[in-house]
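**Q** The residues making up each chain are set out below.
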Amino acid sequence: MTIDQTENSMHETHSREVVVENEQGLHARPADLVAREAQRWESRIEFVGKAQRVDGKSILDLLTLAAEAGTHLVVEATGPDASEALDAIGSLFEHKFDLNEENTRIHTNKSKQEKQISSDSAGINTATCEGDAERNTNS
Amino acid sequence: MKFSDFVSVDAIRPSVAANSKEGVIREMTQSLVDAEKIAVGEMDSIVKAIMKREDLGSTGIGRGVAVPHTKHPSVSRLVGTVAISEQGVDFESLDGEPVQLFFLLVSPPDRPGDHLRALENISRQLRDDAFCKTLKEAGGPQEVWRLLEDADAQSIAS
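These protein sequences, in sequence, are chains A and B. The number in this note's numbering is simply the position in the first sequence, starting from 1, with 172 added. The number in this note's numbering is simply the position in the second sequence, starting from 1, with 1 added.
None of these hints come from the bench; they were simulated from the model. Because the structure is a prediction, the values reported are computed rather than measured. Among the clues, some could well be false.
As the list claims (entries may be wrong) - DSSO-like mimics (lysine-lysine), calculated; alpha carbons at most 30 Å apart, straight line: (1) K38/B - K134/B; (2) K222/A - K3/B; (3) K134/B - K268/A.
Said to hold, decoys possible - Covered stretches of chain A, as calculated for chain B (at least 3 residues, CB under 8 Å): (4) 194-202; (5) 239-247; (6) 256-270.
The C-beta atom is built at its ideal place from N, Cα and C for all residues, glycine as well.
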């Protein structure tokens with residue numbers, strides 16, 4: 173994963189901390205969302221954490237972080253749009269990537285009850301998704 | 002988490018017959034049934050769940066690799082398998098390339114950390130072009146298994 177650093181190295185590096193707040197951690201879908209967001213910006217974007225430094229524009233690199241819920245990471249951006257890039261990436265983490273993680277679960281009766289509790293706290297959208305999940309499971 | 006911690010050697014398919022996304026997923030899930038890693042009665046439910054996950058966004062993560070997966074309450078530990086397609090399969094990958102290497106994972110719903118560590122291992126190894134190339138050219142299940150074991154040994158050493 174080579175990045176052309178010549179242009180960007182003229183700029184100051186901006187950094188901020190992000191926290192993985194969604195229950196399932198930085199799995200394939202959020203890693204994809206983060207890499208796509210990072211690719212929108214000209215700046216070089218790197219994630220530092222768990223004794224690693226990885227390319228924020230690469231889903232494979234992000235997955236090697238194996239960042240579980242609660243993991244703190246530092247995002248560094250170097251380039252003309254560094255500050256905006258950090259805001260956009262930080263916002264993804266703050267919004268827990270807007271994932272509805274319950275959506276992909278197939279539930280036993282026991283975990284349905286647990287889900288009921290969690291969907292109350294999660295609020296939006298779960299009702300519709302739950303309906304879909306049940307139809308799929310039962311059909 | 003090493004490959005040998007979750008890949009079932011009996012379920013490795015070095016030459017899948019299917020040439021569609023769902024076909025490959027079905028063939029790999031069947032291989033886990035045949036290897037007695039998942040119950041036969043759960044097969045349709047697991048295939049459906051994996052396809053549902055694909056609908057949210059392809060797990061074709063680029064470089065000719067896909068990691069179809071789901072959580073499923075019928076497994077008590079993470080189970081997985083590897084398949085290879087010689088001609089490649091359209092998987093609606095993030096980079097648009099056909100997929101030749103498949104790592105299918107089924108994990109218990111309450112173990113997100115194990116799933117992350119399996120993804121970590123797969124993505125770390127797949128950054129190595131030579132590993133991808135030799136894996137795609139592997140002739141039989143035992144050869145695939147040997148390559149995975151070699152990769153495991155190297156990741157411990159490094």
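**Q** Would you mind marking each hint as holding or not holding in the structure?
**A** We went through each hint and held it up to the structure:
For the suggested pair K38/B and K134/B, the alpha carbons sit about 28 Å apart, so the restraint of at most 30 Å is met. Distance check on the hinted pair: K222/A and K3/B sit about 18 Å apart at the alpha-carbon level, within 30 Å; holds. Restraint check for K134/B and K268/A: not satisfied, since their Cα atoms lie roughly 36 Å apart, outside the 30 Å limit. Counting residues of the stretch 194-202 of chain A whose beta carbon lies closer than 8 Å to any beta carbon of chain B gives 7, which meets the minimum of three for the stated coverage.
Only residues whose beta carbon comes within less than 8 Å of a beta carbon in chain B count, and the stretch 239-247 of chain A has 3; three or more means the coverage holds. Counting residues of the stretch 256-270 of chain A whose beta carbon lies closer than 8 Å to any beta carbon of chain B gives 0, which falls below the threshold of three, so the coverage claim is violated.
Consistency note: the structure conflicts with the earlier hints numbered 3 and 6.
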